[in-house]
Amino acid sequence: MSQGVALQRPRSTPFNRGRLKRLLFRLRLISGLILIVYVAMHLTNLAIGLHSLHAMEEARHVLLFPWMSWPGTALLMSAALIHAILGLVTVSLRRSLTLSRTDWVQMCLGLITPPLLLNHVAVAGILHHIDPDFRPDYTFLLSVYWNMAPKSALQQVLVVVVVWIHGSIGLYNWLILKPVWRRIGAFVTPLLFFVPILGLLGFVRGGKEALARLAADGQWQDRMRQSLDMMTAAKPTLELVQSAILLIYGALALVACGVLIWRILERQRMRVTATYETGQTVSARPALSLLEISLLNNVPHANICSGRGRCGTCLVAVMSDASGLTAISETEAQTLKRIHATPGQRLACQARLIKGSVKISRLFPFHVDAAFMRDPHGPGETLSAEQRP
Amino acid sequence: MIRPLARSIGMIGLAAMTANCVMFANAALAQQAAPQSHSEGRLLIHALHSANYRLGQLGTALVNAPAEFATVWQNASQASASTDGIVTLTYWLIVMLIGCGLEWYYWTYAASSMRVIDETLIQSAAQAFRLALRRFVLLAAGLILFTVSISGSLTFFEWPAGYENAVFTSLLLILSLRVTWLLADTVLAPGRGRFRLIDVEPRCAALWVATVVAVGMLLAISTIVGPVLEQAQAPDAAEALHILTASLGAILVLAAVLRHQYVIATGDETEHRKPPKFPVELLLPLMIAAVFGLWLVAGSLASTLLASVFIVSIIQWHLRRVIFFFWSERDFTRSPGGVTLHEDVSAIASRLAPSVALSVARYGVCVVGIAAALLAVGVPISEVENSQNAVTRFVVHLFGVTGLALVTHVAWVAVRVPIDQRIRELGPSDTHGRPNPNARLMTLLPMLRMAAGVVFGLMLVLSALWTFGVDVTPLLAGAGVFGLALGFGAQALVRDIISGIFYLAEDVFRVGEYIESGNNTKGTVERITLRTVALRHQNGPLHFVPYGSLGSVRNNSRDWSIDKFNIPLPVYVDSETVRKIIKKVGESMMEDPEISKLMLEPLKAKLYRIDPGVKIFRCKFRSAPGNQFEIRTEAYRRIEQSLKDAGIPFAAGTQVLINEATGLPQLAAPQRTAIATQSAPSEPQAPPMQQPQAQLS
Ligand code: HEM
Ligand code: FES
Numbered sequence: 000m001s002q003g004v005a006l007q008r009p010r011s012t013p014f015n016r017g018r019l020k021r022l023l024f025r026l027r028l029i030s031g032l033i034l035i036v037y038v039a040m041h042l043t044n045l046a047i048g049l050h051s052l053h054a055m056e057e058a059r060h061v062l063l064f065p066w067m068s069w070p071g072t073a074l075l076m077s078a079a080l081i082h083a084i085l086g087l088v089t090v091s092l093r094r095s096l097t098l099s100r101t102d103w104v105q106m107c108l109g110l111i112t113p114p115l116l117l118n119h120v121a122v123a124g125i126l127h128h129i130d131p132d133f134r135p136d137y138t139f140l141l142s143v144y145w146n147m148a149p150k151s152a153l154q155q156v157l158v159v160v161v162v163w164i165h166g167s168i169g170l171y172n173w174l175i176l177k178p179v180w181r182r183i184g185a186f187v188t189p190l191l192f193f194v195p196i197l198g199l200l201g202f203v204r205g206g207k208e209a210l211a212r213l214a215a216d217g218q219w220q221d222r223m224r225q226s227l228d229m230m231t232a233a234k235p236t237l238e239l240v241q242s243a244i245l246l247i248y249g250a251l252a253l254v255a256c257g258v259l260i261w262r263i264l265e266r267q268r269m270r271v272t273a274t275y276e277t278g279q280t281v282s283a284r285p286a287l288s289l290l291e292i293s294l295l296n297n298v299p300h301a302n303i304c305s306g307r308g309r310c311g312t313c314l315v316a317v318m319s320d321a322s323g324l325t326a327i328s329e330t331e332a333q334t335l336k337r338i339h340a341t342p343g344q345r346l347a348c349q350a351r352l353i354k355g356s357v358k359i360s361r362l363f364p365f366h367v368d369a370a371f372m373r374d375p376h377g378p379g380e381t382l383s384a385e386q387r388p
Numbered sequence: 000m001i002r003p004l005a006r007s008i009g010m011i012g013l014a015a016m017t018a019n020c021v022m023f024a025n026a027a028l029a030q031q032a033a034p035q036s037h038s039e040g041r042l043l044i045h046a047l048h049s050a051n052y053r054l055g056q057l058g059t060a061l062v063n064a065p066a067e068f069a070t071v072w073q074n075a076s077q078a079s080a081s082t083d084g085i086v087t088l089t090y091w092l093i094v095m096l097i098g099c100g101l102e103w104y105y106w107t108y109a110a111s112s113m114r115v116i117d118e119t120l121i122q123s124a125a126q127a128f129r130l131a132l133r134r135f136v137l138l139a140a141g142l143i144l145f146t147v148s149i150s151g152s153l154t155f156f157e158w159p160a161g162y163e164n165a166v167f168t169s170l171l172l173i174l175s176l177r178v179t180w181l182l183a184d185t186v187l188a189p190g191r192g193r194f195r196l197i198d199v200e201p202r203c204a205a206l207w208v209a210t211v212v213a214v215g216m217l218l219a220i221s222t223i224v225g226p227v228l229e230q231a232q233a234p235d236a237a238e239a240l241h242i243l244t245a246s247l248g249a250i251l252v253l254a255a256v257l258r259h260q261y262v263i264a265t266g267d268e269t270e271h272r273k274p275p276k277f278p279v280e281l282l283l284p285l286m287i288a289a290v291f292g293l294w295l296v297a298g299s300l301a302s303t304l305l306a307s308v309f310i311v312s313i314i315q316w317h318l319r320r321v322i323f324f325f326w327s328e329r330d331f332t333r334s335p336g337g338v339t340l341h342e343d344v345s346a347i348a349s350r351l352a353p354s355v356a357l358s359v360a361r362y363g364v365c366v367v368g369i370a371a372a373l374l375a376v377g378v379p380i381s382e383v384e385n386s387q388n389a390v391t392r393f394v395v396h397l398f399g400v401t402g403l404a405l406v407t408h409v410a411w412v413a414v415r416v417p418i419d420q421r422i423r424e425l426g427p428s429d430t431h432g433r434p435n436p437n438a439r440l441m442t443l444l445p446m447l448r449m450a451a452g453v454v455f456g457l458m459l460v461l462s463a464l465w466t467f468g469v470d471v472t473p474l475l476a477g478a479g480v481f482g483l484a485l486g487f488g489a490q491a492l493v494r495d496i497i498s499g500i501f502y503l504a505e506d507v508f509r510v511g512e513y514i515e516s517g518n519n520t521k522g523t524v525e526r527i528t529l530r531t532v533a534l535r536h537q538n539g540p541l542h543f544v545p546y547g548s549l550g551s552v553r554n555n556s557r558d559w560s561i562d563k564f565n566i567p568l569p570v571y572v573d574s575e576t577v578r579k580i581i582k583k584v585g586e587s588m589m590e591d592p593e594i595s596k597l598m599l600e601p602l603k604a605k606l607y608r609i610d611p612g613v614k615i616f617r618c619k620f621r622s623a624p625g626n627q628f629e630i631r632t633e634a635y636r637r638i639e640q641s642l643k644d645a646g647i648p649f650a651a652g653t654q655v656l657i658n659e660a661t662g663l664p665q666l667a668a669p670q671r672t673a674i675a676t677q678s679a680p681s682e683p684q685a686p687p688m689q690q691p692q693a694q695l696s
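In order, the protein sequences belong to chains A and B. Under numbering that gives the first Met the number 0, the residues of the first sequence are numbered 0 to 388, in order. Under numbering that gives the first Met the number 0, the residues of the second sequence are numbered 0 to 696, in order.
Because the hints were derived from the structure by calculation, they are not lab data. If a hint is listed, it holds; no wrong ones were tucked in.
Covered by chain A, according to a simulated footprint, are these stretches of chain B (three or more residues, beta-carbon under 8 Å):
#, segment
1, 86-99
2, 115-126
To give an idea of the interface, some chain B residues facing chain A are shown, with a C-beta separation under 7 Å as derived from the structure:
#, residue
3, A80
4, S81
5, T82
6, S111
7, G190
Beta-carbon label-pair distances, calculated as ranges:
#, chain 1, residue 1, chain 2, residue 2, range
8, B, V359, A, L295, 37 to 43 Å
9, B, C99, A, A326, 37 to 43 Å
10, B, Q73, A, L190, 38 to 44 Å
11, A, I125, B, V178, 41 to 47 Å
Glycine included, each C-beta is placed from N, C-alpha and C at the ideal position.
Use the sequences and the hints to build the structure in full.
Right under this line is the structure:
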């Protein structure tokens, strides 16, 4: 069945652009997943503060221990680095602004994460490398946030929500298409809400307890003062590091946005046209994917994964000469194979129209949902005979 | 007649609005002015003074505002960067997470239904409307879920004292933003021309949504944040906020109007646009400037009143298009150009539902406008009714009259539109053609319409007078007495009218029929009026016969007519042969399409009498009324031909009698024969030829 697909598959050269892209996206996903697991554990630890500050500190040794060890730290750091860079690459690789609403949210939240998060990473992560004696624990950090730097606390609270929403959109969009979702969906969805909410509540509860301890415990006050002195001493170096990181990130982000804008504006003059099975014909600039052409022209076109090439709902049958379309990439070939597509069918989100015109027929109704795509050949809705040319 | 009436209703509403506004504006000015000032001149001076005062106040507010803003900002940041501030933000974020999360969860189910709506191919305006509503309900359900879950989760938390206000303010702002957005988006449907509920220029739909949302947001900020600032001891900052939002709002609306006009002007380049009678383009910016200017000098009260007058007038101006848009057959494909109106507006206006909806909407707009004005002025609506103020009472009565006018108008439309429709279906009456079978309706309907109009008009006038407190009983009684006197005096007139109604009701004659009246006038009915019927005699003169003297009527144009005529043949012919020949003639006539369509029964003949020397055959046929004459002519022609072919001569007009006494032939006076050969009086007598050429060409 996939013989035709295989025939159209590009000859794999050692350095293939499609392959590279696929690898990058894979890496972005994996690094994102590593990050969200870390964040989830971190927030769970905070949530334990609902019981007591002491329990929070105890749990830290269990929950955050893997990340404290050097392989864990290395993994986390490289994941963060890779993910941030690949995130920016993703932004710059877009050809149009036909994002779904959640994608907009995810992209914007992702972009503002580093400036918001840097402060926290600096104090909790980097400082300890500058001054090895500095051992930040929850009680200390909570006291700092709630007593001495309330503005940073506001920022922290905000960044928890920002990062969590960003990550859970990514996690959800990835998981929803997996068959395993049917078993874990009912369990993961509430988790996506409970983790940040409980974490935030733990933060409040722990903060109040830390404040109480600060007021009552003289010994603790001394230790605090000591640590604060260390912080003040390390402050110039720390700020230097922070501003350097911010500068680099800002420059990269600007470049990414610039590339994005350039890619949107380029070749506005030239036109290619697509004709649908309804007879409607629309035009767009060249090199957009068929899905982007549909979305830009308000043509209803199913796209559960918003063009990531994972779901297969954007499947179209090419009814005319397909020479104006890009060849089938590896990502596309795999998804086509998974949904048992026949030769002559393409993923509209992957097939880009380089030149000329093409006649296509959308094969899935606009209203299909993820549940259907997880199991396209299960009971219920299936493609009718005339929908499969 | 609908247009003047509809317009007059709109005008009454407008008049009510204007009177209202003038009154309240005066009251407001008078309140500010010293109590002893009553003359107009004084009032003007006081208005100037108060404007001056207000401008001064605004200036002071603007000068003091930055400092106050700075203090407020400092206080706010101090308050937020505190333990309580952190707690508040955390709880606020949790509340948002819950609200947004539940709504998101709802959408994981509802998105599919939404997409079904978007992909449906629309066939009719009603379907488009239904789908637009379903879309709205889906979106609104999400918003309601959001609102409910936020309000619910708000109560879970113990908010730090003094911070609830900020939380409520922010949530109110978010909610008002979402509500205005939802409404504007549903009505204007940018990018979804098929679901648009208002006939707005498609290229400007998004622009107007943005403007409405932005202005709504500014209004919300002004009304929600303003009091908060005042509470925070920053009255000048609050005033400055009002100035800022009002100016920004005015600028935004102005920009949108100008942009809209520009888009329309550039769009119509192809078709030749005739210059408007009035520079409407200038009018809208002027209105905006006027409202803003009035706000500057006289405050929000007067400007709200002016704005509501303007808005009501603009809506009234466009209301016909807006309402009829629902009934128009449009282009429901997903064409990028959006929706174009295909149907002629006058065709919609002739339907009952749109017309009634239009008049109800006109009234509704006026009522909402007045209510908004009353609210703006701060008059408790419940007290207006019992007010002692003459002007207020007048306005209340005007309200009532407008209501009456609405009811009357709806009743009138309900009577008029079906009548008009019926008349249009019956088609134009052609008095010189064949009698229209619906001619009676054509005469009755306009009369009925006029009668209804008169009755409704009278009722409206009387009840309006009654509403204003004028006692109409003597008027009615007087009218009764007058009617009685008139009845006696104009007995003949009344008789004519009454009997006319019965003639028409009993369908005695219709326009186009040939009748003979009891007093020997005859002719084709040309016109039927309230009192007389006009009969065109075949020789040309037009008789005007009052119904009263019409008497018994003989209608020659009903259903069918029978024509009989005699043919004298020599006595020796074989009757059976003749009968068959004529029967054949009858059959051949039935085969001729021109003739057969007028024939109801074919021509037949039978031996009628045998006189000395002659056999008289009587021929008979039945035809549609009014055509006997031509058919008889044709029958004669054909019979003569057939008889000639069969070698049968007609009976000679003279005959030779052998006088047995003298044995000499003598020419007999052909008396009897003459009588016999004369055709039997055809019954009824043939009316004048009505379509002389058409039949026998
Ligand atoms: C350092 C700043 C970050 C940036 C600039 C960033 C940017 C991005 C971008 C642009 C995407 C791709 C969205 C798309 O496919 O359109 C993404 C995906 C994702 N991000 Fe981040 N992100 C950042 C931090 C994080 C953090 C801290 C987490 C962990 C909670 C995270 C978790 C994820 C996940 C799970 C995905 C989905 C992966 C995928 O769809 O392939 N990100 N991020
Ligand atoms: S949109 Fe999901 S595969 Fe194309």
